[in-house]
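Going down the list, the sequences are from chains H and S.
Quick note: the first sequence uses numbering that gives the first Met the number 0, first residue 0, plus one each step.
Quick note: the second sequence uses numbering that gives the first Met the number 0, first residue 0, plus one each step.
Hints are computed from structural coordinates only; laboratory data are not their basis.
You may find that some hints are simply not true.
[Said to hold, decoys possible] List of simulated lysine-lysine pairs, BS3-like, C-alpha gap at most 27 Å:
#1 S:Lys652 - H:Lys144
#2 S:Lys94 - S:Lys695
#3 H:Lys144 - S:Lys21
#4 S:Lys695 - H:Lys10
#5 S:Lys75 - S:Lys271
#6 H:Lys144 - S:Lys711
#7 H:Lys116 - S:Lys711
#8 S:Lys427 - H:Lys144
#9 S:Lys652 - S:Lys567
#10 S:Lys652 - H:Lys116
[Said to hold, decoys possible] Sample of chain H residues with no beta-carbon within 10 Å of chain S, all distances over it, derived:
#11 Thr2
#12 Asp15
#13 Val51
#14 Gly53
#15 His54
#16 Glu75
#17 Ala78
#18 Leu83
#19 Phe90
#20 Arg115
#21 Lys116
#22 Asn118
#23 Asn141
#24 Arg151
Yeah, the Cβ is synthetic: ideal placement off N, Cα and C, and Gly gets one too.
This is what each chain is made of:
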Amino acid sequence: MPTVSMTVNGKAVTADVEPRTLLVQFLRENLRLTGTHVGCDTSQCGACLVHVDGHARKSCTMFAWQAEGANVTTIEGVANGNTLHPMQEAFREHHALQCGYCTPGMIMAAIDMVNRKGNELDDHTIRQELDGNLCRCTGYHNIVKAIAAGARAMK
Amino acid sequence: MSATGIGAAVRRKEDHRFITGKGQYTDDISRPGETRALFIRSPHAHAKIKRIDSAAASKMPGVVAILTGEQLAADKIGNLICGWMIHSKDGTPMKMAAHPAIASGKACYVGDPVALVVAETMAQAKDAAEKVVIDYEVLPAVVDPAQAKSGPQIHDVAAKNTIYEWSLGDARATDAAIRSAKHVTRLHLINNRLVPNAMEPRVAIGEYDSGSEHFTLWNTSQNPHVARLVIAAFVGMAPEHKLRVIAPDVGGGFGSKIFIYPEEVAVLWASKRTGRPVKWTSDRSEAFVADAHGRDHVTDAEMAFDAEGRIVALRAKTIANLGAYMSTFSSSVPTYLYATLLSGQYAIPNIYCEVDAVYTNTVPVDAYRGAGRPEATFVVERLVEVGARELGIDPAELRRRNFVKSFPHQTPVIMTYDAGDYNASLRKAMELADVKGFGKRKREAARHGKLRGLGYSTYIEACGIAPSQAVGSLGAGVGLWESAEVRVNPTGSVEILTGCHQHGQGHETTFAQVVADRLGIPIENISVVHGDTDKVQFGMGTYGSRSGAVGISAIVKALDKIEAKAKKVAAHMLEASETDIEFKDGKFTVAGTDKSASWGDVTLNAYIAHKFTGQELEPGLKEGAFYDPTNFTFPAGCHICEVEIDSETGQTKIVNWTAVDDFGTIINPMIVEGQVHGGVAQGVGQALLEHAVYDKDGQLVSGSFMDYTMPKAENLPPLQVATTVTKCPSNPLGLKGCGEAGAIAAPAAVINAITDAIGTEDVAMPATPQTVWAALQKANRMKQAAE
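Chain H extracted, bound-state conformation:
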């Protein structure tokens, strides 16, 4: 089995994995970082979204070995110690989650959205940018509100 090495949430990790191991499997099963979820098998839902070298990536859509040498951030790595990331805080404040299953992917997508689009995001932009993330609970109403507020708080 090939060896993969990468940095996950600031920690260097190395493991022997089958070549067909997906990044999400590596994170969940090898590293036990179970905050990254799997909601589909066709890259639609975005529950598995993480940051690879600072860019949003669906971790179900790449092999672990494709992240060789990369810097990976998961939901477990966005808070600063005990201080929540402003986007995490915004999701709680605006009741942007119900069952919580899509939430890690939503928060990772939202942070990426701010990185790309800036801190002033209107309703239309946020909804368009959420094309790759599905939520079945919230009707997106409060997610959109939370992302707008979280984006401003990230200034």
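For chain H, the structure is supplied; the task is to place chain S on it using the hints.
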């Protein structure tokens, strides 16, 4: 109102773990020595299983076992059951076919489990599954409920694939009223088949401890105790006390995780056979053919009016597709959860409904958010809207004219509405939606080549499911009370054990709010325990918007007992008569004196028991209660949808959504609004996007997120949500329930708006651009022909 009590928009206690990735869902659990399970599922809708050859597969690396339905039967593992008995008009019981966890001899739908591969890893299980050779003899299939009676017979017990032919109401009186009516509106309605698609796919882990002969099942369940009861009493896997069911964080349910599924039985059985924990995690595409679907009704309905526009009768004939087997509560959905709501918000003197439930070669169909009530609302609200158009009466005015105005109101279809003010929610919704300004907006849209339409849905639902005796008399195999236990610790903190289960509803917050409000203690000092049959003695779970009205009422009942006992303790401490003790804001006082004791003093004294003898009072402070409601609750309201349609493309855009709901007392308005948002999204999904489509051979064509259109953020508008309040008179806090309202109200509002915009009633759900465009062309042709 305190900052954390009843009525406060308290931020959710459970959120911290979810936003930090620390939630614990079933798939996050990994048991020492666990194996992975993969179900080989029938690729055919209807086929004899002639031979299963697993010899080569068994030799594949990592394979632990390959198990079949024949072995399951040989081990005398019982069948899954449907727990609600429905009798046909002729008095015969429903025709429930045997439903083994793994098919034996015959597969009845695409997705029916036919073998189980257990291996060290999922990859090895997948590789081995490729090597299992199954020889099928494909049989003709039937998928369309309207064709089911003339299709190939699926089960020996059910001639013409008919499960029951049931009716409710007075056929003769309804017929007479329709015959003598001034006007009759008639519609043919299809309530499209849906896939619930909770974002978390189902998972089941079975573990058998041969030393204690004890099973544990971790599963994605809305009701772990009911799962344990069915798996013990009917499947016969283990006695109830030798089976623990744990449903930890569950990622959405919407009904689909109520049911006891084949995979849950199979992993328990396989864990005993292999001596290893067995874990099954569903793929999304697998979920499409393994999780119960929703809706799938074909209905012919009539609404009859007198000369003043008063509804004199409603008649509906419905064919309900229950799929290939009867799922856990499937029989109740198109009967007592459907026909009993056909009176809507209206005083209708005559109602008659016939429902034929049929088997088809499709995934079993059972409750999905709203369960029967969205189907009923769609029938009633489409009829009343079209009736208004045909009669030339404003649709709001026609509704107003027919609203039930005095309570209690007995409908002709069992229900006794207890409280409501339907005009109030209609009026408020019309103001918020600026109905007065609609004409101007419509003209403005027309200038840009767009068609605007406005649609109402004044819905009612029966929630707070349900009085045990009442549902028992209607065929339910269980009682539908709820339990609660309040454990007060010596230091005064409190644990609430509930038989409800949260999978998005925020019980850990709202239940704690009720306790904080009552005991006057900080909400941080209260935790809610649920979802484990070893911790909570029994409970019926969460569905049917019941956790507030029934679950919280049980907590209130237990809190009554806690307060009574605590007063006794305080009386001993303060050397006063128990009747003189008053309790308010977390403080016990002796009436007319300045003597007092804090909550913490009293709870500590309850446990150290120094101020009273065991003969006078039992030490400790823990009370339980079972609450059985005396009636259903009747949330109701008005949703108004405004659409804009591009006549060139048929694309519908929802431009405004206004919801005014009466949920009775509201504990946490933030959470309630969220529930409405989510319900509306699912209802809009049904109306515009979602459809489980089978081809004639029984293949699920829309069988993945690539093909099945889930609502995305872009498909939905910002939602305007408000409430009116009439308290429910039948439970202590006046709660009605809010979880399903949006999904119940929304489809009719959307279709009423679209048909208003394009001027034809012939629009089926989902109203995709193609459907709407075709309807528009037809309407235009008819208009031209008329000119």
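Distal placement of Asn118 (chain H) relative to chain S, Cβ over 10 Å:
holds (19 Å)
Decide, holds or violated, for the assertion that all CB atoms of chain S are farther than 10 Å from the CB of Glu75 (chain H).
Per Cβ check, Glu75 (chain H) is inside 10 Å of chain S; nearest 5 Å; violated.
Keeping to a limit of 27 Å between CA atoms, is the pair of Lys652 (chain S) and Lys144 (chain H) held or broken?
Within the cut-off at roughly 20 Å; holds.
Are the Cα atoms of Lys652 (chain S) and Lys116 (chain H) separated by 27 Å or less?
holds (25 Å)
Exclusion check [Phe90 (chain H) not at the chain S interface, CB over 10 Å]:
violated (5 Å)
Take a quick look at whether Lys116 (chain H) and Lys711 (chain S) sit within 27 Å of each other, Cα to Cα.
Cα-Cα ~20 Å, so holds.
Given the hint that Lys652 (chain S) pairs with Lys567 (chain S), test it: the Cα-Cα distance must not exceed 27 Å.
violated (62 Å)
Are all beta-carbon distances from His54 (chain H) to chain S longer than 10 Å?
holds (19 Å)
Test the statement that Val51 (chain H) is away from the interface with chain S: the closest C-beta pair must be farther apart than 10 Å.
Holds, since 17 Å exceeds 10 Å.
Measure nothing beyond the straight line between the CA atoms of Lys94 (chain S) and Lys695 (chain S); if it is 27 Å or shorter, mark the hint as holding.
holds (24 Å)
Minimum Cβ separation between Arg151 (chain H) and chain S greater than 10 Å?
At about 18 Å from chain S, Arg151 (chain H) clears the 10 Å cut-off, so the statement holds.
Could you let me know if the closest chain S CB is still more than 10 Å away from the CB of Lys116 (chain H)?
holds (15 Å)
Of the hints listed earlier, those the structure fails to meet are numbers 4, 9, 16, 17, 18, 19 and 23, in rising order.
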